[in-house]
Amino acid sequence: MRRDDLHSRRVDAVRAWTRVVADGDDGADAVRPEILRSWQLSGVVSPDVTRAPLADEGDTADFWNASPLQTAVERVQEELRRTAEDGDLVIAVTDEQTRILWTYGGRVMRRKAETVNFVPGGRWDEKSVGTNALAIAGRTSAPSMVFSAEHYAEVVHNWVCWAAPVFDPVTGRSLGVIDLSTTWDRTHPIGLATARVMARLIEGALPTGRRTTFADDVGPDEPGLVLTLLGTAEVWLDGQRLLLNRRQTEILALLAIHPAGLSVEHLHALLYGDAAVTTSTLKAEVSHLRAALAGQLSSRPYRLTMPVSTDVEEVQRLLRRGDVRAAVRAYGGDLLPGTDSPELVQMGDYLAVSVREALLADPDPDAVLRYSELAPYDTAVLEACLAALPVHHPVAPLLKGKLAAGRT
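Its first residue numbered 91, the sequence shown is counted upward by one per residue in our numbering.
Some clues are possibly wrong.
As the list claims (entries may be wrong) - Between beta-carbon pairs, the in silico distance windows are:
| # | residue 1 | residue 2 | range |
| --- | --- | --- | --- |
| 1 | P487 | A365 | 25 to 31 Å |
| 2 | V435 | A470 | 19 to 25 Å |
| 3 | A365 | T273 | 40 to 46 Å |
| 4 | E463 | Q436 | 22 to 28 Å |
| 5 | D115 | E463 | 26 to 32 Å |
| 6 | R122 | R419 | 21 to 27 Å |
| 7 | D115 | D430 | 40 to 46 Å |
| 8 | V134 | K373 | 54 to 60 Å |
| 9 | R276 | P123 | 34 to 40 Å |
| 10 | H356 | D452 | 35 to 41 Å |
| 11 | A365 | R446 | 25 to 31 Å |
| 12 | S136 | V367 | 46 to 52 Å |
Hints are computed from structural coordinates only; laboratory data are not their basis. Each residue gets a CB set at the ideal place from its N, CA and C atoms; glycine is no exception.
From just these sequences and the hints, can you work out the full model?
Structure follows, in structure tokens:
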């Protein structure tokens, strides 16, 4: 999103906050319904609050040390830290009461976080500090984004936050949330998708003694390797979930896209681009992968030796067949959100444009509604659909609401 658009969006948010929170107007049409509801729940705290209250330090540490979240975060800590540093984010993991248990931040955001007690022990529920993405995600058990003055407390009006719940894969119970926060001017469309990916990463790294599979996931029936790469990252081998880091998943994605195989030099270029990463680092990742795949990854060239299917391939197949509705249903979002692999970035852009162009050419209402959940600010697709519909089509009001939300 361009900075001018972000600035305009921030101005609108400040005006809405002033009207509803500061001046006490009704404001039903001023903000998104989930923000208005959260503002209403936040009325017990002053919008002038300058920092979150802190829970007992010892109790917080004891809870964290005994929590399965601690084990999971430790296992994926490298990935979380790299995400924070690359995006100058502060990342937080909370318990189900929205008490922060763990944080890691880039240099700038770490300092900002400390000034408002966005630190272990900080209580970020709505009754403690007002509207924020952690509180909404924890209360609704759904991903949430809160931008600038959508926050209830004025002290965090310079922030944007994306949060997603983390569920116990065995019981389905919420364990807490993971939140990614930065300054409002660094808002990015993939922020919410990245929070979802990080949540799934933590879920997949929970201790194996208490984890079977995701409560709402059923392993694919087909033999071989099944990769879900759009909007998330999941790898299944013969119906069993594999726990891989981001680089290993990227390597599998590249080998799936190039079934004839890749030399070590070619794979290195597609994965790292011009980054100063040695081939020995790549070879170590491949070695770990080969072990995870029970040896079904050959050398010279690197090639997968079992049946492989991906959602990327499925979306392309459906688009070629002209089945736009099914293609959008299979399209889960950006290809491995946050990847810096040049080849995967290019493939992701190509696929996103392909889906968008297919919708512009054939704006099926159901497909457009689904797409608008993934790309809420792509107003051109919504406009094309509305232009093609009869005036009193039952879906038209929904599309108009989406269009209005996307424009603001």
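Now the hints, each set against the structure:
1. P487 - A365: 25 to 31 Å: Violated - the Cβ-Cβ distance for P487 and A365, about 48 Å, lies outside 25 to 31 Å.
2. V435 - A470: 19 to 25 Å: Holds, since V435 and A470 (Cβ atoms, about 22 Å apart) stay within the stated range.
3. A365 - T273: 40 to 46 Å: With a Cβ separation near 26 Å, A365 and T273 fall outside 40 to 46 Å, so the hint is violated.
4. E463 - Q436: 22 to 28 Å: With Cβ atoms ~25 Å apart, the hint holds.
5. D115 - E463: 26 to 32 Å: Between D115 and E463, where Cβ atoms are some 30 Å apart, the hint holds.
6. R122 - R419: 21 to 27 Å: For R419 against R122, whose Cβ atoms are near 25 Å apart, the range 21 to 27 Å holds.
7. D115 - D430: 40 to 46 Å: holds (45 Å)
8. V134 - K373: 54 to 60 Å: holds (57 Å)
9. R276 - P123: 34 to 40 Å: violated (26 Å)
10. H356 - D452: 35 to 41 Å: holds (37 Å)
11. A365 - R446: 25 to 31 Å: Between A365 and R446, where Cβ atoms are some 29 Å apart, the hint holds.
12. S136 - V367: 46 to 52 Å: Given range 46 to 52 Å: holds, Cβ gap about 49 Å.
Checked against the numbered hints above, the structure violates hints 1, 3 and 9; every other hint is satisfied.
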